[in-house]
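2 protein chains.
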Amino acid sequence: MFKSVFFDIDDTLLNTSVFAKTARRVALNMMIDAGLPLTSDDAYHQLREIIKEKGSNYDKHFNILTKNVFGEEKPLLIAVGMVNYHNVKFALLQPFPDTVSTLIHVKSKGYKLGVISNGLTIKQWEKLVRLGIHPFFDQVLTSEEIGYEKPHPKIFEESLSRMGCKPEKSVMIGNKFEADALGAVNAGMSAILFNCDLTSEEKKMISDEKLDIEVISQLKDLEDIL
Amino acid sequence: MFKSVFFDIDDTLLNTSVFAKTARRVALNMMIDAGLPLTSDDAYHQLREIIKEKGSNYDKHFNILTKNVFGEEKPLLIAVGMVNYHNVKFALLQPFPDTVSTLIHVKSKGYKLGVISNGLTIKQWEKLVRLGIHPFFDQVLTSEEIGYEKPHPKIFEESLSRMGCKPEKSVMIGNKFEADALGAVNAGMSAILFNCDLTSEEKKMISDEKLDIEVISQLKDLEDIL
Chain V
839 MFKSVFFDID
849 DTLLNTSVFA
859 KTARRVALNM
869 MIDAGLPLTS
879 DDAYHQLREI
889 IKEKGSNYDK
899 HFNILTKNVF
909 GEEKPLLIAV
919 GMVNYHNVKF
929 ALLQPFPDTV
939 STLIHVKSKG
949 YKLGVISNGL
959 TIKQWEKLVR
969 LGIHPFFDQV
979 LTSEEIGYEK
989 PHPKIFEESL
999 SRMGCKPEKS
1009 VMIGNKFEAD
1019 ALGAVNAGMS
1029 AILFNCDLTS
1039 EEKKMISDEK
1049 LDIEVISQLK
1059 DLEDIL
Chain P
839 MFKSVFFDID
849 DTLLNTSVFA
859 KTARRVALNM
869 MIDAGLPLTS
879 DDAYHQLREI
889 IKEKGSNYDK
899 HFNILTKNVF
909 GEEKPLLIAV
919 GMVNYHNVKF
929 ALLQPFPDTV
939 STLIHVKSKG
949 YKLGVISNGL
959 TIKQWEKLVR
969 LGIHPFFDQV
979 LTSEEIGYEK
989 PHPKIFEESL
999 SRMGCKPEKS
1009 VMIGNKFEAD
1019 ALGAVNAGMS
1029 AILFNCDLTS
1039 EEKKMISDEK
1049 LDIEVISQLK
1059 DLEDIL
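In the order they appear, the protein sequences are chains V and P.
Residue numbers are given in our numbering: position 20 of the first sequence equals residue 858, and the series is strictly consecutive.
Residue numbers are given in our numbering: position 41 of the second sequence equals residue 879, and the series is strictly consecutive.
One or more of the hints may lead you astray.
Since the list gives no way to pick one copy over another, a pair counts as held whenever it fits inside one copy or between any two copies.
The list that follows gives simulated cross-link-like pairs (lysine-lysine, PhoX-like), each with its CA atoms no further than 20 Å apart [said to hold, decoys possible]:
#, residue 1, residue 2
1, LYS905, LYS961
2, LYS927, LYS1042
3, LYS950, LYS1007
4, LYS992, LYS890
5, LYS1048, LYS1007
Since the hints were derived computationally from the structure, they do not count as laboratory data.
Sequences are here, hints too, so could you generate the full structure?
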């Protein structure tokens, strides 16, 4: 029986990809209304390229977009983009419908709960605080804090050590095959994938190598496993 | 008759000091609830000292506060502080009750409107966008953009030049005697002070030196002057 359950944050406890995409679309449409001379799709495509190049934690994507389009930064357009991005983001930042009830269930079964997340420490904590779910977790570790990203074993090993728990008694819940599932398994833990479309190669790998990875379609399926 | 009217932003178009103070108080009380071992007044006093030292545009005041108290940064407390500070700030970020009607009146009289503000460019634009008043202004200039802060004459001269307007045909509206009023007058403009408690020395200086500075008690008093 497991003693500790570790969760990824983004796209595991909340629908990060959907809210980020919607917030970016709204922000760009408002920038277009305010004078950005692009179509909505063209603006979105250009923004995605900038995010791909600079990473999602860089905070000046809109600055670069206006500079690319106009040859100089346009403060009004940047401000319009940022205000609308944040307004929509905060409005949509909610847990999945069954996140809280699942956390309550798992906690009530006596498990210790942790978070292992790739991202910036305060930004990831802010998500937990905004969702109101931070009191569920006994340990929260981010890649920024430890200096290693999932799937590197060190981030899993440090989490287990802080929790005082052995890997074979622990399970990692996440949405990314390599970062969450393979990373956890390589650190000696079990893994459960949620909100993840496995490729046929990944499915074959799990089956051929008999990897300790389960796949669930809803977070509350955890209640039957744990 | 004036042709151009320039406005300061903070504590002139909106009640910045009040919302910032309230937001900080709420944030600190939530941090105390989450484990910060200080009284509300003690926390507020310590935060003010940090803001005084680092400036209000530094974005890691709460990091320093937790480090001062615990000897290390506490991500949960920092996140609790930031989330609550921003929630309250955005809820309270509103123009004064007569800001919009006054801007409409001044605009309808045919004046060109500008902003001259000490602060970070995108942050100041964000306030105008959040208040929904950015379309009133023909020119917005920040100290970050020009590299000089009010009361330095260069920030006034650059604003006048961009507006294509002579100083003697222009008036500056602000809440700070030295930065807004003296700065504008030294650049050859008129000045109107609002939301400002003048010291007796400042009153005497205006009277003795016959400075072109008027004082109004409500923003809408501008309608009688302009």
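Tested hints:
{"no.": "1", "hint": "LYS905 with LYS961", "in the structure": "between (26 Å within a copy, 18 Å between copies)"}
{"no.": "2", "hint": "LYS927 with LYS1042", "in the structure": "neither (37 Å within a copy, 52 Å between copies)"}
{"no.": "3", "hint": "LYS950 with LYS1007", "in the structure": "within (11 Å within a copy, 70 Å between copies)"}
{"no.": "4", "hint": "LYS992 with LYS890", "in the structure": "neither (26 Å within a copy, 40 Å between copies)"}
{"no.": "5", "hint": "LYS1048 with LYS1007", "in the structure": "within (18 Å within a copy, 81 Å between copies)"}
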